[in-house]
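Enquirer: From first to last, the protein sequence lines stand for chains A and B.
Each number in my numbering comes from the position in the first sequence (counting from 1) with 754 added on.
Each number in my numbering comes from the position in the second sequence (counting from 1) with 499 added on.
These are computed hints drawn from the structure, not numbers from a lab.
Beta carbons: idealized from backbone N, C-alpha and C, even for Gly.
Take the hints with a grain of salt, since some may be wrong.
[As the list claims (entries may be wrong)] FRET-style restraints, in silico, Cβ to Cβ:
| hint | chain 1 | residue 1 | chain 2 | residue 2 | range |
| --- | --- | --- | --- | --- | --- |
| 1 | B | Phe603 | A | Gln1174 | 34 to 44 Å |
| 2 | B | Val557 | A | Asp1065 | 30 to 40 Å |
| 3 | B | Phe603 | A | Arg864 | 20 to 30 Å |
| 4 | A | Glu911 | B | Cys658 | 29 to 39 Å |
| 5 | B | Val636 | A | Asp865 | 49 to 59 Å |
| 6 | A | Glu893 | B | Leu662 | 57 to 67 Å |
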Amino acid sequence: MHLGLKGPITALLVVLIVAACQPAASSPTTPASGGPGPSASAATGSGEPIKTALITDSAGSTSLFGVANINGARMAVDELNAAGGVLSRPVELIVRDSKSKPDIGVQLTRDAILGDKVSVIFGPVSSAVAAAMTEVAKENKTPIFFHTSNTQRLTTELFHKYAFMVGPNTTMEGRGNAIAAAALPYKKWAVIAPDYEFGHLQSEAFVSKLRQLRPDVEIVTEQFPKLGEKEFTPVITSVLAGNPEAVYSANFAGDLITFTKQAAPLGFFDKVFFTSLYETDALQALGAEAPEGVRGYSRAPFFAIESPTIDGFVKSYLDRYGVYPSDWAIMAYDAVKLWAAGVEKAGSLDADALVSALEGYQFDSIRGTVTIRPVDHQAGVSVYSGTVKQDPEVGFATWTDIKIIPGADVWLSEDEVKAQQP
Amino acid sequence: MGIDDLVIQFLAGLTRAGLLFIVAAGLSLVFGAMRVINLAHGSMFMVGAFVASSVVAVAGGEYGLLPALAVSAVAAAALGLAIEVGVLRRLYGREHLLQLLATFAIVLIVSDLVRLIWGEENLSVTRPAALAGSVDVLGSPFPSYNLFIIGLALAVGGCLWLLINRTGLGRDIRAAIVDPQMLGGVGVNVTRLFSGVFVLGSGLAGMAGAVAAGSGAVGLGMDMDILIQAFAVTIIGGLGSIPGALVGAGIIGLLDAFGILFVPRLALSLIFLAMAIVLAVRPSGLFGLPERA
């Protein structure tokens, strides 16, 4: 009986294998054979979805950003599909939560590439997770697009040809903030940043650029509370004990909300000039408690962006989700659209073809037209800052007195990049 | 840096210590009486914080957080009762590993339930108007809310001391800490006593969660964060001892505050250093109970 079944089973397996290979083998050949027209290409399985994965952090103190990433990416994918898909194939978005843990990020990236066979990975919130994920993408030659995590190392020492960055990296952000800070009269600065990759790199970039522009500036204290800190009072009081005139902070999301609530009754905002990552989500969560007069900086604040597409985007986002799009929604949306544009230009899902298509590409992002620099695949996006002020029109605080520093003014020079790349 | 800066820093340290004490006291009490290492203690804290956010949303920010302290404590206590009766009661006398696994399972379940009910976004809870301002301390403003936390912690400590040392229930708890079998032998309903202790511990954690909601952002992950800190307190102070929780919380709060002031880069390691020293010198903590024979 066992012997009797062996033959049919083997035959079945062969049929299945052949059937499984068939579409993959035939679809590239059909257009190449001269192409009898759109009907033929539709017949060769254009319904097969292109799988993509968004691996981000949607729990913990950065959950605000992860949720926005998911909303932005979903909207981009739905728009692509409504417009006929990518390469006339529908796009499927797989969403996973790395829980801000590098080891989970690595595992999910590997599962998505090897198990789900995705064509592209969209990155996480945490730079620490991103640094781990990019290695997996490199090993498997899978394109990976970073939008929220922005450690500069992704474009320098950890750079590989399949990695792209659509947000300003830590150097651009830190330097951009330093240029803004250097224009202020303050000489005694303090620095507060979360104790992980992003916080250290960004504050280093800020301090070194500020020192270069203003040799008279003194850094009175640097504090690195842990990410997810719930009790900032000792940090705030010890910063104040150093009597700084101004404080630069790289705190964001839940940490910035906690910090702001604990700092206000300590008289912090009356005593020092303060600048931190007051972006849409944090301002919205703080509501009436948003401290007016502090200087916010961010990467894609909808109320500061001037571009042909921003108004339409804000409206459709608001219609769909009932909230204004945060920076993290806009950048995740841009990441998906950049990938799609690259694939269309390359005419295939081949990773190397995508890379060649995107190097030097002029991308019409929500933030305006930006160039993808070939040397490190960094998009030439701007760094935004403004003064926090309640805005009755949107119902929470936004910015006034907005300053936009173009990415090309603050990114590492090509020589600096090359010196740090492997 | 003047004496005023040191005083402010001292108060800042006491604020952290106050919150930690309320959480660690419950954890310690449960361990002392029941010998259960309750990993779900942080979950009660998180539930308390989220319940407080809902209470404030309904009752308004003016006073909302004050009734929320009670509502959160009751909600967490009810959850604690369900866990004790439904799960832990079946595991007394079994090996610790089983209790750890069971309470860790509860951590995961509660975390997912909170995510389902309140979502994944960080919430911000308004402080009651009376505590939203600040008090002048040697010329510097210091938040009234922080002084409230310190005062509340002292009140909780006082009440626990009275409960344990001056009431019949406290006598039973003290007896359970020494020998629950003998206590049962003399006619005390130990099962009910354990439920009561667990409910008390859970309620304290829930109330602490409501207090924390007024202090910072409410979000997922605050369960494990506070649990780790509460364990650090009990490692230094000794599991099972309320005075130990008080001293442990004080040491961690002040070490952290002055560490941040004088050696910012080493502040976090100072706490671990203190833990290592205590473990080396007194493995069961400063006030810890020895292993039950």
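Enquirer: Now tell me if each hint is right for this structure.
Expert: Verification of the hints:
no.: 1; hint: Phe603/B with Gln1174/A: 34 to 44 Å; verdict: 43 Å, holds
no.: 2; hint: Val557/B with Asp1065/A: 30 to 40 Å; verdict: 36 Å, holds
no.: 3; hint: Phe603/B with Arg864/A: 20 to 30 Å; verdict: 26 Å, holds
no.: 4; hint: Glu911/A with Cys658/B: 29 to 39 Å; verdict: 56 Å, violated
no.: 5; hint: Val636/B with Asp865/A: 49 to 59 Å; verdict: 54 Å, holds
no.: 6; hint: Glu893/A with Leu662/B: 57 to 67 Å; verdict: 60 Å, holds
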